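**Q** Below are the chains, spelled out letter by letter.
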Amino acid sequence: MGYPHPSHPKETVVLSKYFGDPGARSYAGWVERGGYQAFRQALATAPDALIATIKESGLRGRGGAGFPTGVKWGLMPKPDGRARFLVCNADESEPGTFKDREIMRWTPHALLEGCAIAAHAIAAETIFIYIRGEFTEPWRIMSAAVEEAYAHGVFGPTPLGSGRRIDVILHRGAGAYICGEETAMLNSIEGKRGNPRIKPHYPAQAGVFGLPTTINNVETLAAVPHIVTRGAAWHKSLSLGNPKSTGTKLISICGHVQRPGNYEVTMGFPMQELIFELAGGPPPGRTLKAVIPGGSSVPIMTAEEVDGCATDYEGIVERGSMLGSGGMIVMDDSADMVYQIWRLARFYAHESCAQCTQCREGTAWTVKVLERILAGKGRPDDLDLLLELSENMTGKTICVLSDSCAAPVVSGIRKFRGEFEAYIAKARQPALAAV
Amino acid sequence: MSHGLQQLHRRGGAAGDHSDVPHEPVLVGPVRDQLDRLIARYPTKQSCLLPALWLVQESRGWISEGSIGEVAAALDLTPAYVKGVVTFYTMYHTHPVGRHFIQVCTTSPCALCGAEDTLRALLKETGCRELGATSPDGRFTVIEVECLGACGFPTPVLVDDDFIENVTPEGVPAMLARYK
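As they're listed, the protein sequences go chains A and B. If you're matching positions, the first sequence starts at 9 in this note's numbering and goes up one per residue. If you're matching positions, the second sequence starts at 38 in this note's numbering and goes up one per residue.
Rather than coming from a laboratory, the hints here were simulated on the basis of the structure. Source: prediction; values computed, not measured. Heads up, a few of these hints could be off.
Where chain A lies over chain B, by a calculated footprint (3+ residues, C-beta under 8 Å) [to be verified]:
no.	stretch
1	68-80
2	87-93
3	119-129
4	139-149
5	187-197
Facing chain B, a subset of chain A residues (Cβ under 10 Å, in silico) [said to hold, decoys possible]:
no.	residue
6	G89
7	F93
8	Y185
9	S260
10	H264
11	Q348
Quick reminder that beta carbons are idealized off the backbone N, C-alpha and C, glycines included.
Generate coordinates for the entire structure from the input sequences, incorporating the hints supplied.
**A** This is the structure we're talking about:
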C-alpha cells in the first residue's frame with residue numbers, strides 16, 4: 009500500500025505491502041494475509057536447513073553493517089544447555105532512518121514472526137525486542153501484538169505445538185542513540201549504562217548475560233518469513249546485477265524532497281530515480297546538492313556522485329559512501345553544508361557514551377571548532393585541525409560512534425571546502441552568534 | 038546554538054535541588070506488583086532496572102533520590118549504581134517537569150525542514166522561554182532532543198506519550214490547545 013504515499017509502480021513491494029493498512033495489525037488480520045504460515049513451515053524444518061536457506065538467500069543485515077544474516081546465525085555455538093538469546097534491535101535512531109518504525113506500526117506480527125523463526129533457527133528460548141523509548145506508538149502496537157501472539161500460542165511453552173519454549177520480552181530504551189550499537193544494547197538490557205563492549209568476545213560467544221546471543225535488526229527479521237515461504241532463489245533473484253546485494257531494501261528519504269517517506273526497492277535500484285522519481289526530488293526551483301545515503305554516519309555524496317549510483321551495499325561503496333541503514337538525507341542548493349555538518353557533529357557529541365577519550369573529546373572539540381567557524385571566528389588552520397581531529401577519531405575507539413562523527417566532517421571538508429573557507433575568510437555572514 | 042537558547046534540562050538548571058522534598062514511597066501497591074511481575078519475567082533482577090525506572094517515572098513524573106533508593110533496594114543494587122544508570126539515559130527526569138513534557142527533534146534532517154522555527158514557536162507559545170525550563174503555570178516543559186526517528190515527517194514532536202508528526206510553527210497553538 010505504501011505510507012504516507014501510495015506505492016510507486018517502480019517499487020518492489022514485499023515488506024511494505026501492508027503499510028497504511030490498519031487491518032494487518034491484529035493477529036486475525038495477519039493470519040488472513042497469510043501470516044504465521046512461514047513460522048509453521050520453519051518449525052517443520054531443521055534449524056541447520058533453515059540457516060542454510062538464509063545463507064543461500066544472500067540476506068544481509070539491514071541495520072547498517074550488512075553482515076550476512078545466515079552466517080551470523082551459524083556463528084551461534086551448538087546448544088550446550090546454557091540459555092540462548094535472540095535480540096531484535098528496534099532502537100532505530102540513526103538520523104535519516106525511519107523504516108523500522110513503519111514495520112512495527114503497521115506489521116507488528118511480521119516482525120514477531122521473523123523473530124519466532126530466527127529463535128527456532130538458533131535455538132533461542134528468549135527474545136528481547138529492544139524498542140527505543142521515544143517510539144511510544146510502535147511500543148503500544150508491539151505490546152498488543154505480543155499479547156495476541158501469546159494468546160494464540162505463537163509464543164509460550166509450546167509455540168504452535170512445537171514443544172520448545174520461546175518467550176518474548178519487549179524492553180524499552182530510555183533515550184540513548186548508542187544503545188543501537190549491539191553490545192551497548194546488551195548492557196542496556198542487563199540494566200547497565202549503555203556503554204559498548206570491547207570485541208571480541210562477539211555476542212554469539214558471550215552476549216547478553218554472557219550467554220550466546222544473536223542480534224538482528226527489525227527489517228532483517230521481517231524479511232525472514234518471506235524467504236522461508238518463497239525460497240532462497242526468489243530472494244537472490246531480487247537484485248539488479250550485483251549478486252552480493254539481494255532482496256528488497258526499505259529506503260527512508262527525508263530532507264529536501266517533495267515526497268519524503270519510505271520506498272521499498274530491489275537492491276541495486278538507481279539512486280537518481282529513488283530521489284527524483286519516487287521521492288519527487290527537491291522542491292521546484294531547487295537543485296540537488298548533496299545526499300547522505302545511509303543514515304547520518306556515512307560520508308556525504310555530491311549530486312555528481314549520486315548520478316549513476318546503484319543503491320546497494322557495493323554500489324554505494326564504489327561511490328565512496330555506504331548503504332548503512334538506508335536512510336537518505338537529501339540536501340538541495342539552499343543547504344548550508346557547514347551548518348548541517350555542525351548540526352550532525354552536535355548529535356554525535358550529545359550521544360557519545362564518553363568511555364573513549366578520542367570520542368568524548370573529539371566529538372566535543374569538533375563541535376566547538378565548527379561553532380567558531382560558523383560564528384565568523386574561524387582560523388586559517390581550522391580545517392586542518394578538524395581533519396586531524398577526525399583522523400584521531402577514526403578506527404581508534406571501542407565502537408564506531410566517533411568514526412561516524414568524523415565521516416561527514418572529512419567528506420564535507422573534502423567536497424564542500426569552499427563553504428568552510430568562505431566563513432573563515434568572513435566572505436559569508438556568520439550563521440551562529442559568537443561563542 | 039543557532040537559536041540562542043541554552044539547554045537547561047540536562048543540568049537540572051531552573052529545576053533546582055529537590056532533596057528537601059519528603060519522599061513518599063513509590064514502589065507500593067499496584068506499582069510494586071507490576072515490578073514483581075517484571076522481576077519474575079527477566080533473567081536477573083538487575084536487568085529489570087530500566088523497566089523499574091520507567092514504572093517510577095510513570096507514577097511520579099520524575100525519579101527522585103528517594104525513588105532511586107527504593108529501586109536500588111528492590112533490585113539488590115546500590116543507590117550510586119542506580120543513579121549512574123538514571124543519568125546515562127536522557128529520558129529519565131531527575132527533577133520535576135511540567136504537566137506536559139514536550140520533546141522537539143532538531144537533528145539535521147528536521148533542521149533542514151524548519152525544526153528550529155517549530156522549536157522557537159513552541160517556546161514562545163508555551164511561555165517556557167528557555168529550553169528545559171517549565172512554564173510559569175507549570176503546564177509545559179520543552180526540550181530539544183536528538184533524532185526522534187521520524188525524519189520523513191518533520192517536525193516530529195513528542196508530547197508526553199503522544200507522537201505527533203509534521204508539526205509546523207503555525208500548527209503549534211492548535212496542538213498545544215489539546216493539553217491542559
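**Q** Take the hints in turn and mark each one as holding or not.
**A** The hints, checked one at a time:
no.: 1; hint: 68-80; result: holds (count 3)
no.: 2; hint: 87-93; result: holds (count 4)
no.: 3; hint: 119-129; result: holds (count 7)
no.: 4; hint: 139-149; result: holds (count 7)
no.: 5; hint: 187-197; result: holds (count 6)
no.: 6; hint: G89; result: 15 Å, violated
no.: 7; hint: F93; result: 9 Å, holds
no.: 8; hint: Y185; result: 7 Å, holds
no.: 9; hint: S260; result: 6 Å, holds
no.: 10; hint: H264; result: 6 Å, holds
no.: 11; hint: Q348; result: 6 Å, holds
When the structure is compared with the earlier hints, a violation turns up for hint 6 alone.
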